[in-house]
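Keeping their order, the protein sequence lines are chains A and B. Taken in order, the first sequence gives residues 1 to 270; the numbers are from my numbering. Taken in order, the second sequence gives residues 271 to 526; the numbers are from my numbering.
No wet-lab data here; the hints were simulated from the structure. All values derive from a computational prediction rather than experimental measurement. Errors might be hidden in some of the hints.
Listing some non-contacts, in silico: residues in chain A with all C-beta distances to chain B over 12 Å [unchecked claim]:
1) K108
2) T173
3) L191
Sample of chain A residues at the chain B side, in silico, Cβ under 8 Å [unchecked claim]:
4) E166
5) Q172
6) L174
7) G175
8) A176
9) S178
10) V180
11) L183
12) R184
13) Q189
14) A233
15) W253
16) V254
17) L255
18) A262
Simulated restraints, written as ranges between beta carbons of each label pair [what the hints assert, rightly or not]:
19) A:K108 - B:G334: 48 to 58 Å
20) A:L14 - B:W374: 41 to 51 Å
21) B:P485 - A:G109: 37 to 47 Å
22) B:Q324 - A:P8: 50 to 60 Å
23) A:D162 - B:Q324: 19 to 29 Å
24) B:Q507 - A:K108: 47 to 57 Å
25) B:W374 - A:L161: 19 to 29 Å
26) B:G334 - A:L117: 44 to 54 Å
27) B:A456 - A:K108: 26 to 36 Å
Beta carbons: idealized from backbone N, C-alpha and C, even for Gly.
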Amino acid sequence: MRLINRVPSRPVGLMLGALPFVAIILAYVAGSEIRLAANPADKLLPALDTIRETAARLFTETDKRSGDILLWQDTFASLRRLFLGVGISALLSLSIGMAIGLLPYARKGLTGFVAVLSMVPPLALLPILFIVFGLGEVSKVVLIVIGITPFMTRDLSQRVLDIPVEQIVKAQTLGASSFVIALRVALPQVLPRLISAVRLSLGSAWLFLIAAEAVAADVGLGYRIFLVRRYLAMDIILTYVIWITLLAFVIDWVLKRISERAFPWMGAGL
Amino acid sequence: MSFVTVRDVWQSYDGRPILERVNLDVDEGEFVSIVGASGCGKSTFLRLLLAQEQPTRGAIRIDGGHRAREPGRERGVVFQRYSVFPHMTVRDNIVAGEAFDTHWGRFRGAKLTAARERADAILDRIGLSHVAQNYPATLSGGMQQRLAIGQALAARPRILLLDEPFGALDPGTRIQMHDFLTELRAETPMTVFMVTHDLGEGFKLGDRVLVFDKPRWDPQDPAAFGATITYDFDARQGGIPFQGLLDKYPSLRAAE
Ligand SMILES: Nc1ncnc2c1ncn2[C@@H]1O[C@H](COP(=O)(O)OP(=O)(O)OP(=O)(O)O)[C@@H](O)[C@H]1O
Ligand SMILES: [Mg+2]
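Let the hints inform the model, and build the full structure from the sequences given.
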């Protein structure tokens, strides 16, 4: 039988899915034990137990100076920046993308501009943003917006252009104005795509957020990681990394559920 | 004057003529079938009738009105595919036939209730009331085309354009759709243009059958000339005209 036609049974499939995770954990434990056996004070690969203890401490113990739990503060600060940035990008790219997709004038005027804009490496703009917007929240949010809006705009305008021309013509024969076509034909059909564009962009959004926080911030997940790096506090860094991964995973899962619930007409198309 | 007048219409793309010198007069209520070889410009002609495109030369008028510059409510259309809105339920698709003409494109309150009742009546008529709450993707091809026709009719167009509406259906469903369309026309007379690849279908449904073909042909350059209407058959009475002539004019019988 050909390899492309061999399908694992369900239990085997689950095992295969877990395999890479188990492998990486085993590799880590082995490496950590070897290093700790040679030097019990080694900080590079802390034992799993150490990480667990550190994590428990980070999630529950308050900071002596401020009286707050730093990890939660970092989480709230970062999520706020992330949601603001991604939300603004979503609104911007939705409106620009719909305009490009529906209006020939906007298409002629903006397509080239957006294409060039998406080539600008956003991180190279970070110093400019700090100079223009200062070191506060604005520059971090703007970095995310600049970083992901061009991609999302191109994605959404393409999705509008993909709507069969028959549908647009049909709507016109029913008397729909440009506005009604945008509102009742195009918008409902790009909203699912908006959610998937957001899901695709979240990875980059996190990247830009952490980069901006690493350079200049006084609170935030990225800020903390780069702060404790000076003390080689691998247990804290690893806890934060796992925590960020978990947050990203949960956000992605929620978005996926939302689009399944909100767009039943898509069927299996999601 | 005839209801739909097509006067000396030419259409070319990139300087290549597709249609040339098309002239046509159609009376209100006539059913016109259009046949012709693939790629000869039947859909192009329909797009011109729909005002989705402007002819390079010539004019198309409905009821002596202005040349239309874009599609509008007086010309309804059903394409072979993609004619209904996938994100609306079957019933909302019908309601859209009325609601899209409003400022926000939707009805609220009492108007919505009334529009839904009218939509339900149409759904009853086209035999889709049992799937009123479904999305089009769950419907069979024949049901989707029936929905598309119902939706187009909900907007009460003056002419209805059909581009191979039953092309993707199996022969059995196709015959059902023929009966459906014939019944609809018996109830509400309308002017219909239908492109088809099925000659039998064209003669069965149409009052006239137009054949598009190239009258001039350059063997060195097959794309040099466009197509036009080369035959205009009277398709009433099974495609054999004048067979009822004597019944209609009994006085002629005396001369026999
Ligand atoms: N927008 C366009 N730009 C350039 N060429 C076009 C355009 N639309 C149609 N054509 C060309 O015009 C010719 C006629 O096309 P049309 O779709 O009208 O044919 P048709 O008779 O409907 O064919 P079929 O039976 O296959 O549907 C084709 O050669 C096509 O390539
Ligand atoms: Mg065609």
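Per the CB criterion, is L255 of chain A less than 8 Å away from chain B? violated, 19 Å
Hint validation: V180 of chain A versus chain B, beta carbon distance must be below 8 Å. Holds or violated? holds, 3 Å
Take a look at whether the Cβ-Cβ distance between Q324 of chain B and P8 of chain A falls inside 50 to 60 Å. holds, 59 Å
Whether K108 of chain A stays farther than 12 Å from all C-beta atoms of chain B, as the label says: At about 19 Å from chain B, K108 of chain A clears the 12 Å cut-off, so the statement holds.
Hint check for K108 of chain A and Q507 of chain B - Cβ pair distance inside 47 to 57 Å: Check passed, 54 Å falls within 47 to 57 Å.
Cut-off 8 Å, beta-carbon criterion: hint that G175 of chain A touches chain B: Holds. Min distance 3 Å.
Can we confirm that no CB of chain B comes within 12 Å of the CB of L191 of chain A? The assertion about L191 of chain A is violated, with a minimum of 9 Å to chain B.
Go through the hint on W253 of chain A and say holds or violated, using the shortest Cβ distance to chain B against 8 Å. violated, 24 Å
Let me know if the C-beta of V254 of chain A comes in closer than 8 Å to any C-beta of chain B, holds or violated. violated, 22 Å
Could one say that the CB atoms of L14 of chain A and W374 of chain B fall in the range 41 to 51 Å? The hint (41 to 51 Å, Cβ to Cβ) holds, given that L14 of chain A and W374 of chain B are roughly 50 Å apart.
Just to be sure I understand the hint, the distance between the Cβ atoms of G334 of chain B and L117 of chain A should be within 44 to 54 Å; is that true here? holds, 51 Å
Does the Cβ pair A456 of chain B, K108 of chain A satisfy 26 to 36 Å? violated, 49 Å
In this structure, the hints that do not hold are numbers 2, 3, 9, 14, 15, 16, 17, 18, 19 and 27, in rising order.
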